[in-house]
Structure formats: structure tokens, C-alpha cells
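Peer 1: Below are the chains, spelled out letter by letter.
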Amino acid sequence: MIELNGITHKFGKEKVLEGVDIFIDRGEIFGLLGPSGSGKTTLVRIMTGLLIPREGEVKLRNQRMPKRSLMKRFGYMAQENALYYELTAWENLDFFSSFYLRKQKKERMKYVLRITGLLEYRNRSVGSFSGGMRRRLSLAIAMVHDPEILILDEPTTGLDPVVRRSIWKEFHRLKEQGTTILITTHSMEEADKCDRLAMLRAGKVIAAGSPDAWKREYHTQTLEDVFLHFGGEEA
Amino acid sequence: MNILIVAKRILRQFFRDKRSVALMVVAPGLILSLLWLVLDNDSRTAEVAVVEAPEQIYEQLASGKMEVSILDEKTAQKQLNDADIDALLKWDENRPLLILEGSDPTDHQMIRTSIQEAMGLDRKEAVSIQYWHGSEDMNFFDYTGPVLIGFFIFFFVFLVGGVSFLRERTQGTLERVLATPIQRYELVGGYLLGFGLFTLLQSVLIVLYSVYVLDMYMVGEMWRVLFITMLLALTALSVGTLLSTYAKNEFQMIQFIPLVIVPQLFFSGLFPIEGLSSWVQVLGKLMPLTYGAEALRGIMLRNENLGDLQWQVFMLLMFFAIFTLLNVKALRRHRNL
Numbered sequence: 001m002i003e004l005n006g007i008t009h010k011f012g013k014e015k016v017l018e019g020v021d022i023f024i025d026r027g028e029i030f031g032l033l034g035p036s037g038s039g040k041t042t043l044v045r046i047m048t049g050l051l052i053p054r055e056g057e058v059k060l061r062n063q064r065m066p067k068r069s070l071m072k073r074f075g076y077m078a079q080e081n082a083l084y085y086e087l088t089a090w091e092n093l094d095f096f097s098s099f100y101l102r103k104q105k106k107e108r109m110k111y112v113l114r115i116t117g118l119l120e121y122r123n124r125s126v127g128s129f130s131g132g133m134r135r136r137l138s139l140a141i142a143m144v145h146d147p148e149i150l151i152l153d154e155p156t157t158g159l160d161p162v163v164r165r166s167i168w169k170e171f172h173r174l175k176e177q178g179t180t181i182l183i184t185t186h187s188m189e190e191a192d193k194c195d196r197l198a199m200l201r202a203g204k205v206i207a208a209g210s211p212d213a214w215k216r217e218y219h220t221q222t223l224e225d226v227f228l229h230f231g232g233e234e235a
Numbered sequence: 001m002n003i004l005i006v007a008k009r010i011l012r013q014f015f016r017d018k019r020s021v022a023l024m025v026v027a028p029g030l031i032l033s034l035l036w037l038v039l040d041n042d043s044r045t046a047e048v049a050v051v052e053a054p055e056q057i058y059e060q061l062a063s064g065k066m067e068v069s070i071l072d073e074k075t076a077q078k079q080l081n082d083a084d085i086d087a088l089l090k091w092d093e094n095r096p097l098l099i100l101e102g103s104d105p106t107d108h109q110m111i112r113t114s115i116q117e118a119m120g121l122d123r124k125e126a127v128s129i130q131y132w133h134g135s136e137d138m139n140f141f142d143y144t145g146p147v148l149i150g151f152f153i154f155f156f157v158f159l160v161g162g163v164s165f166l167r168e169r170t171q172g173t174l175e176r177v178l179a180t181p182i183q184r185y186e187l188v189g190g191y192l193l194g195f196g197l198f199t200l201l202q203s204v205l206i207v208l209y210s211v212y213v214l215d216m217y218m219v220g221e222m223w224r225v226l227f228i229t230m231l232l233a234l235t236a237l238s239v240g241t242l243l244s245t246y247a248k249n250e251f252q253m254i255q256f257i258p259l260v261i262v263p264q265l266f267f268s269g270l271f272p273i274e275g276l277s278s279w280v281q282v283l284g285k286l287m288p289l290t291y292g293a294e295a296l297r298g299i300m301l302r303n304e305n306l307g308d309l310q311w312q313v314f315m316l317l318m319f320f321a322i323f324t325l326l327n328v329k330a331l332r333r334h335r336n337l
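If you're matching them up, the sequences are chains Z and L in order. Position 159 (the first sequence) corresponds to 159 in UniProt numbering; numbering is contiguous. Position 260 (the second sequence) corresponds to 260 in UniProt numbering; numbering is contiguous.
Hints are computed from structural coordinates only; laboratory data are not their basis. Virtual Cβ for every residue (Gly too), placed ideally from N, Cα, C. The reader is advised that the hints may include incorrect statements.
Stated by the list, open to error - Pair by pair, the computed Cβ-Cβ distance ranges are:
#1 L/L270 with Z/G132: 51 to 57 Å
#2 L/L270 with Z/S130: 47 to 53 Å
#3 L/I257 with Z/E80: 38 to 44 Å
#4 Z/G27 with L/Y185: 35 to 41 Å
#5 Z/V162 with L/L259: 51 to 57 Å
#6 L/V26 with Z/K103: 51 to 57 Å
#7 L/Q255 with Z/A213: 29 to 35 Å
#8 L/V21 with Z/K10: 26 to 32 Å
#9 Z/R102 with L/M222: 38 to 44 Å
#10 L/L270 with Z/E107: 26 to 32 Å
#11 Z/G132 with L/L317: 47 to 53 Å
#12 L/L317 with Z/K204: 50 to 56 Å
#13 Z/K10 with L/L270: 48 to 54 Å
#14 L/V262 with Z/S125: 51 to 57 Å
Make the full structure from the sequences, and use the hints.
Peer 2: Here it is in C-alpha cells:
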């Protein structure tokens, strides 16, 4: 569903990604791990077509990015909350969902607000929202058009355990339905819930595999130890 | 369709931000009012002292538009020295000699004319004067008014449009919007439509206020004035959003004002530039406000129609089209689609 072939990218002279190959199947929850500055966000932006890599190619649904017809196939949540603070939660969601939906717009909007626990706050302006609420609204926006692919840059950072659980429940429901989900995360607890993981460090994939395989391979009980093993001094 | 979505959001955002709305409508009104207070004075009366003049001359002068006092030479010279009076008329070998105070050049002509008029030296009696355009009551405010209306609309749309586009970039919403199926031209188009509708309202209020409250001279058709201010506003918006791509924050956006906005004020006809060397005049020809100001003056002072102003309208459309295309191009930096 998502295919990255030999992605190399530089900002100026600094190499941020080097020869990254990642293949993600349909209905998979794929976790992208790595310390800050390892190139996760750059890789995510390349997947969405917002950034064109110097080398390599990106394919979504076997079609090469960037492509306009693919833009409506995925939902994207950026690391920074891209929201209009003057507008209410409902108006923000309405704006973004209008690019995708017409008929079922209202139902879908209500549905994603319920999932993210924001339904009762929908008429409050985003400026008065807490950091966690803004995060949740960004996630709601990414999911509103029920896309086949979700690309989520640190979706649950700063959320309380209750909301986090409800969101993961939704992720698993979507997975059953065939949605492919890519998330980046720092949280080991979350990485554990993914089907497969890739560890990025200094722009290179240094390990890939399922959480259990990693634990077996590195003879540890927790993923945290695996992360420390790879991350070294930076983690 | 996507254009409408963007325009709707911009208008919503706009009316949420009461202060910006006030800035765009109230501020131009306020500044125009202040200018009206400063410029809309009927020509002031000159204060003239007469030294050793025949009685008859004194009466003649006193009948004119000036205040006349009879002083001895010493006092008169002291007052002239202190700029208490504007001029001193004395007799030098049986010929009248007028000594002007002279520090304010705008007064020179006024004083000379009023004294010549009073002494019957003008040609008013010989030649009767009529006004083809304008009227005898027209003053500097009426002449500069159309330019100022254009300027304020340009300025505020440039600033507010540029800053809001800049914010889209710094908040990340621009990139987020470009991760949807929207086309780049639709985003730019939505901005133009949203702001266009708002500036139409702004223009209507400013023009109505200037004409009906401040009594600015206006013989043309209202819709033509609004058509030109609309074109100016759209040009200002496209320039503002384009330049905002080169600003990192709001402060850097403000830095464009002395570079982009103020020079336009100098060359757009607020000061007469006909007498300047041709290369200076060429500078004015490169600025959108010049054409807007010429057109507004033509309509408000001379009741010209859009046919008379086709060159100005064409040039404004050109500026608008070029800057809009550059905007669509500039968005490639964010998404190459």
C-alpha cells in the first residue's frame, strides 16, 4: 500500500535521509521509531507528496507520488497542529472535510468528533483548546474522510490514557476494515501495538521487524530495551 | 468549488477577528478624517503690515482677503523677523516693495496673489474665469482625496492579506491544506475571492464616508469608483501574499511597508511629477497605485468612464494577473502538484 524505494534527501548539504526502503501492506499498522532528528517527519512529508525526495520514489496504491488523484486517498496529521485558532472545532473540521466529502459530511464529522472525545466541545474556538484537544482535532481531521491510508506524525503525543485507548481501539477497528496506518512515535507502549516497526537513526533504517521478533532477537522483555540498544546515547 | 470553501473560511475567520475588520474600515476613515481636518481649510488670510503707505492703499488692501496693520518700520521689521506677520509692504522710492517673510514656500504665491488682487493688479476683471473640471471651491483635499482612497485600500489590503497568508505558512495550515486534493490555483483563487468580497465592503464604506461625510469632490459614478478600488485591492492582495513568501514573521512583513508601499505614495500623483525628469516618471509607471490613483482621479474629478481609463484598467489587470500567477508558482515550494 505504501512503498518507499531508495529515498535519499538532503536539506542543503546535510543528508537527512539515506537509502530508505519501506514496504507497508494493506491493513497493516506500521510504526516508525527513532530519536528526534532522525528524519521521521521528513520521511512522512515525502510520503504525502509535500516534499519531493532528491532520489528514490514513493508509491501509494502502486501509483507514483506525487499524484493528484492520490491526494484524497490518504489522511494526514502533521506533527504541528495545523488549525485555525479563531475558528471553532466544528468549523475547522468542516473546512478540511469539505475538500473530500459532500453527502455524508455531517455524519462523518460527528463520528470522528465522538471517537476523539470532542463532540461536546465542537462549538468552542480552537484558541481556547488545550494542547491535547488540538492534537485530537488534528487527528479527527485526518480521519474524517475515512481514507484507505492514514499517515500520522506522532498522533497520540500529549494525550491522556483514556483518550489514547479510545483512539487505539479505533485504529484497530480501521485495520480490520482494511485501512493502512503509518504512525511515528516515541512511545514504546504504542510501538508494541503496531504490527511492524522500523527504526530510523540519522536518516537510515537500522532495524525493521515486528515487536515480538525484536524482543526475541535482542533477548529483552520490553521494547524500551530494544530502543535503548539502537538509540544509544541519543535515546 | 474548492475556491468557495477557502473563501468561506477566510470570511469566517475575518469576522471572528473584530480588530482586523476595524483596522481595515475604521483606520482609513479615521486618517481620511484627520487629513480632511488638516487639508480642507479655505485659503488662510495673510497678515500684512504696511509701512508709510498712502491711506488709499491701506483701504484697498484691507478690502482684500487679508489682515492689514499699519506699523512703523522698526516694529514691522521685528515682527517680520519673528514671523508674526507674513509680509511687509513699504514704499521704496515711490514704488511699492513687498517683503515676504519667506520661510514657508506654500505661502508665497498666496500672499502675492492676495496683494495683487487687492491692489487691482490682477486680470480678473479683464478675463472671466470658468472651470471645465472642478470648481472654484475645490481645494487640496479634493485633489488628493482620490489618491488617498486608493492608497489606503492598497495599504490595508496588502498588510492584512500578506499577514494572514504568512500565518497560514507559519502555523502549518498552508502545508496541511496542500495535503488535501486542492489545486494551487484554487487556494489562491479562494484567497482572492474571500478578500475580494471583504474589500468590496471596505471600499463601499470608505468611499461613501469620504464623499458623503467628508464631502470630497465627486462628480463620477459610484460603481466605477468601486470597480477601480476593487482592482486595486486585488492587486494589493496578490502583491501582499507574494511578498509574504519572503517574510519569516509578521515583523518582516511590516518591513516591506517602507520598501513597497511608501514609494508608491510619492509617485502615484500625490505630489506632481510631471515636471520631473523622465526616468523618475518611469518609476511611477512601474507602480500599480499610479494607475489606480489616475483612474480614481479621472472618475471623481472629471467624470471619466472606463473607456477613457482603459489604459489604467488594463495596467491594473496586468499587475493583478502577473502577481497572481507568481503566487500560484510560489506555492510550488510547498507542493509540486
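Peer 1: All hints, please: hold or fail.
Peer 2: Hints and how they fare:
1. L/L270 with Z/G132: 51 to 57 Å: Since L/L270 and Z/G132 have Cβ atoms about 54 Å apart, the given range 51 to 57 Å holds.
2. L/L270 with Z/S130: 47 to 53 Å: holds, 51 Å
3. L/I257 with Z/E80: 38 to 44 Å: At 29 Å between Cβs, range violated.
4. Z/G27 with L/Y185: 35 to 41 Å: At 36 Å between Cβs, range holds.
5. Z/V162 with L/L259: 51 to 57 Å: holds, 53 Å
6. L/V26 with Z/K103: 51 to 57 Å: violated, 43 Å
7. L/Q255 with Z/A213: 29 to 35 Å: violated, 56 Å
8. L/V21 with Z/K10: 26 to 32 Å: violated, 44 Å
9. Z/R102 with L/M222: 38 to 44 Å: Distance hint for Z/R102, L/M222 holds at roughly 39 Å.
10. L/L270 with Z/E107: 26 to 32 Å: Check failed, 58 Å falls outside 26 to 32 Å.
11. Z/G132 with L/L317: 47 to 53 Å: holds, 49 Å
12. L/L317 with Z/K204: 50 to 56 Å: Since the Cβ atoms of L/L317 and Z/K204 sit about 53 Å apart, the hinted range of 50 to 56 Å holds.
13. Z/K10 with L/L270: 48 to 54 Å: holds, 50 Å
14. L/V262 with Z/S125: 51 to 57 Å: Violated: the Cβ-Cβ distance is about 36 Å, outside 51 to 57 Å.
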